[in-house]
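Construct the entire structure; sequences and hints are all you get.
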Amino acid sequence: MKTLIVIPAFNEADNLAQLLPQLCAAVTADILVVDDFSSDDTVQVVKNQGLTCLRLPIQLGAWGATQTGIRYAKRHGYDFVLTMDADGQHLPEEINHLLDAAFRNQFDVIIGTCPQRVSRLKKMAWRLFKIISRIRIEDLTSGFRIYNQQAIQVLADKAASLLDYQDVGVLLLLLRSDLKIHEIPVKMSLRQDGKSRVFSSWLVVFKYMLQTTTLCIANIGAKKSQ
Amino acid sequence: MTTLTIFIIGALLSISILYLVRKGKLHGPYATWWLMVAVFAIVLSSFPKIIDWVAVQVGITYPPTLLLVVSISFILIRMLTMDLALSRKEQKIRRLTQRIAMLEAGLEQAESDGVDSNKQN
Numbered sequence: 013m014k015t016l017i018v019i020p021a022f023n024e025a026d027n028l029a030q031l032l033p034q035l036c037a038a039v040t041a042d043i044l045v046v047d048d049f050s051s052d053d054t055v056q057v058v059k060n061q062g063l064t065c066l067r068l069p070i071q072l073g074a075w076g077a078t079q080t081g082i083r084y085a086k087r088h089g090y091d092f093v094l095t096m097d098a099d100g101q102h103l104p105e106e107i108n109h110l111l112d113a114a115f116r117n118q119f120d121v122i123i124g125t126c127p128q129r130v131s132r133l134k135k136m137a138w139r140l141f142k143i144i145s146r147i148r149i150e151d152l153t154s155g156f157r158i159y160n161q162q163a164i165q166v167l168a169d170k171a172a173s174l175l176d177y178q179d180v181g182v183l184l185l186l187l188r189s190d191l192k193i194h195e196i197p198v199k200m201s202l203r204q205d206g207k208s209r210v211f212s213s214w215l216v217v218f219k220y221m222l223q224t225t226t227l228c229i230a231n232i233g234a235k236k237s238q
Numbered sequence: 032m033t034t035l036t037i038f039i040i041g042a043l044l045s046i047s048i049l050y051l052v053r054k055g056k057l058h059g060p061y062a063t064w065w066l067m068v069a070v071f072a073i074v075l076s077s078f079p080k081i082i083d084w085v086a087v088q089v090g091i092t093y094p095p096t097l098l099l100v101v102s103i104s105f106i107l108i109r110m111l112t113m114d115l116a117l118s119r120k121e122q123k124i125r126r127l128t129q130r131i132a133m134l135e136a137g138l139e140q141a142e143s144d145g146v147d148s149n150k151q152n
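Here the protein sequences line up with chains A and B, keeping their order.
Per this note's numbering, the very first residue in the first sequence carries number 13; after that it's consecutive.
Per this note's numbering, the very first residue in the second sequence carries number 32; after that it's consecutive.
Hints listed in this document are in silico derivations from the structure and should not be mistaken for laboratory results.
Accuracy of the hints is not assured; some may be wrong.
Here are the simulated EDC-like cross-link-like pairs (lysine to aspartate or glutamate), alpha carbons at most 16 Å apart as the crow flies [what the hints assert, rightly or not]:
1. A:59 with B:121
2. A:170 with B:121
3. A:199 with A:105
4. A:14 with A:42
5. A:86 with A:42
6. A:199 with A:97
7. A:14 with A:91
8. A:59 with A:42
9. A:135 with A:150
10. A:59 with B:139
11. B:123 with A:169
12. A:59 with A:26
13. A:59 with B:135
14. B:123 with A:176
15. A:192 with A:150
16. A:199 with A:106
17. A:134 with A:150
18. A:86 with A:169
See below:
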């Protein structure tokens, strides 16, 4: 089973310098870092570790970078893609745990979940999205996931290229394609710098809420409920 | 007097459009749209009675309302199609960016393999 670990990274040189050696020690899978037009030496850190690094010439955001990795996996015939964050939130020792579940082939997507990590405010937002979209998944935003070949086909497609975040939009697309999603609880460490990169200001949060709500409403009735 | 103004606007618009197309600054379908707008302006300013006639047919008592409603609707439709076109462009740019990144990595890989095999020879 060929597995590719995809790590989207934007200015994560310090975190990657810590994470990559641990990761190489913990798993045998191939590792790919997608550099989302960083201004620090993310690329150099990855190269020093002897790993492949894709460099985006234009910033595409977290999902755009992740999708690059998924397209790379499709091109190179990988059976599974595991996505994880570069900031050390997702622990290398949990990977094998998730991979075991994926290898059993009962599900197309495995999500490593840790709902305890999020604030109450964010949980309220999740509840809203779940009510509108009728997704029955606990953790909507976890980027710690494994996709099998069917899921890779769906996510590498053009239709997924206009999404902006690896959360509700991606989940809706997967469910619409009739793929089975399974959640496994995992341990996650709190972010070292304590702040989310996606939600750097209230304006960004507001924009995200508005966009995701629109996406949920637009997808009412478009999928078979799981 | 207004009709004359609109006539002049229409005429200037069509001349500008043709000029821009000739200079290669305006792309096919957009040019057609704008030329249609110019032609409408010229026709309606030459025969303003058309609006009155249509307004009576559809039961509007104050004809200028018809003109305003129709023009605003067309502007809105045009804006929507512009955003559609922009989304398509965004999608293409993202796909291209991703492909460049993949090709570049493949190229570097091939180059370093080439260097390695040269060393062995």
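Results of checking the hints against the structure:
no.: 1; hint: A:59 with B:121; verdict: violated (30 Å)
no.: 2; hint: A:170 with B:121; verdict: holds (11 Å)
no.: 3; hint: A:199 with A:105; verdict: holds (9 Å)
no.: 4; hint: A:14 with A:42; verdict: holds (8 Å)
no.: 5; hint: A:86 with A:42; verdict: holds (14 Å)
no.: 6; hint: A:199 with A:97; verdict: holds (14 Å)
no.: 7; hint: A:14 with A:91; verdict: holds (5 Å)
no.: 8; hint: A:59 with A:42; verdict: holds (14 Å)
no.: 9; hint: A:135 with A:150; verdict: holds (10 Å)
no.: 10; hint: A:59 with B:139; verdict: holds (12 Å)
no.: 11; hint: B:123 with A:169; verdict: holds (12 Å)
no.: 12; hint: A:59 with A:26; verdict: holds (14 Å)
no.: 13; hint: A:59 with B:135; verdict: holds (14 Å)
no.: 14; hint: B:123 with A:176; verdict: holds (14 Å)
no.: 15; hint: A:192 with A:150; verdict: holds (14 Å)
no.: 16; hint: A:199 with A:106; verdict: holds (7 Å)
no.: 17; hint: A:134 with A:150; verdict: holds (12 Å)
no.: 18; hint: A:86 with A:169; verdict: holds (10 Å)
Checked against the numbered hints listed earlier, the structure breaks hint 1 alone; every other hint is satisfied.
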